[in-house]
Amino acid sequence: MNYIWFGLFMSGMLVAALTGRIHTVTEGVLTGAKDGVLISFGLISIIAFWLGIMKIAEEAGVVQLLAKWLRPLAKWLYPSVPSDHPAMGSLIANMSANILGLGNAATPLGLKAMQELQSLNGDSTAASDAMCTLLAMNTASLTLIPATMIGLRMEFHSKAPGDIIGSTILATFIATGAAIILDRFYRHTEKIRCRRRKRG
Amino acid sequence: MSMITDVSAFALPATIAAILIVGILRKVSLYDAFTEGAKEGFTTSVNLIPHLVAMMVAVSVFRSSGALQLFIHAIAPLLHFIHFPAELVPLALLRPISGSGSLALVTDLFKHVGPDSFLGRVASTMQGSTDTTLYVLTVYYGSVGIRNPRYSVKVGLLSDLVSVFASLWAASMMFGK
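Chains Z and W supply the protein sequences, listed in that same order. Heads up, the first sequence is in my numbering, so the first residue is 1 and it goes up one at a time. Heads up, the second sequence is in my numbering, so the first residue is 1 and it goes up one at a time.
One thing to keep in mind: the hints can contain errors.
Quick partial rundown of chain Z residues pointing at chain W, CB under 7 angstroms, derived from the structure [stated by the list, open to error]: (1) I56; (2) L66; (3) I174.
Worth flagging that the hints you see were computed from the coordinates, not collected in a lab. Ideal Cβ positions, reconstructed from N, Cα and C, are used throughout, including at glycine.
Looking at chain Z on its own, in the form it has when it is part of the complex (with noise of 0.2 angstroms):
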């Protein structure tokens, strides 16, 4: 994070110096200060709502419902899991407030299933196959409605903020498809290079 910042700080200001523009630095500077806090203040609108909705969501039991659902598909990821143990539960959870899109929600419960599947992994300090397909859909993050998205492109006068909800659940699903086969392959390669190592 400090490189990138480090980074295009300073190739900015290189070139603005060797092209002898060096006034646009300055203000390079002052708008992005000031875009910074016009969208936050901005994003503040959707957010709020969205989390509002949210909230009801989640005193409704929504996750609890989707989780009903998703237990036949949790099986099939998490085989590794045995189904009664409560970091099935946790999976699950998270599972569904990712596609809820409760990302607030999403992380401590993941965090949880976490240590969860570290119990059973014997604490130790490599990671186990679960763990693995857990953070393979959690990097990939399943997302129904992209609310920041939304108010960013509200905020830009988007004639339709919203269009952008179809190709972003066409490009999630293949996203997160490719996760698990991905999670798979390498798995898969993995052990096939452990077996050789060990008979060779």
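Start from chain Z and add chain W according to the hints.
Leaving out everything else, chain W in the frame of chain Z:
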């Protein structure tokens, strides 16, 4: 394609309606729950300010100095073969590393080409369809002291790559170039 356009139009109202109906059936005090959540939304947005200011300043200097244009010109010939818009490369590179950084890049892009341009829509899809891989890996593995993530980093970054091309494809399908 009209089906996906319909999904876009109906997804938000349908989700809100479904949540309100389940809420009232389960006797949730809707109004109180909403305002409580909205209050959290306020703090979330305010907490975003320092991050977004930091990243917007850096991105803005990077663009106004001409460094961004230079970068885009330098890589454009390489990407010509795969028909990938060079303007989106900075976003694709930063998306797995920093959520606020990529949000700043999307904002910058909206400012210059508009949210309803093709690039604006692809960028929206890229930003919305995935999470910040390295952040998630750090938080999740860090929380239980895992030091060997095995193939997780590879899987996370490769699926981000898939997400970049899937976003480009999905947006081209829906909106045309």
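Comparing the hints with the structure gives:
{"no.": "1", "hint": "I56", "in the structure": "holds, 4 angstroms"}
{"no.": "2", "hint": "L66", "in the structure": "violated, 10 angstroms"}
{"no.": "3", "hint": "I174", "in the structure": "holds, 4 angstroms"}
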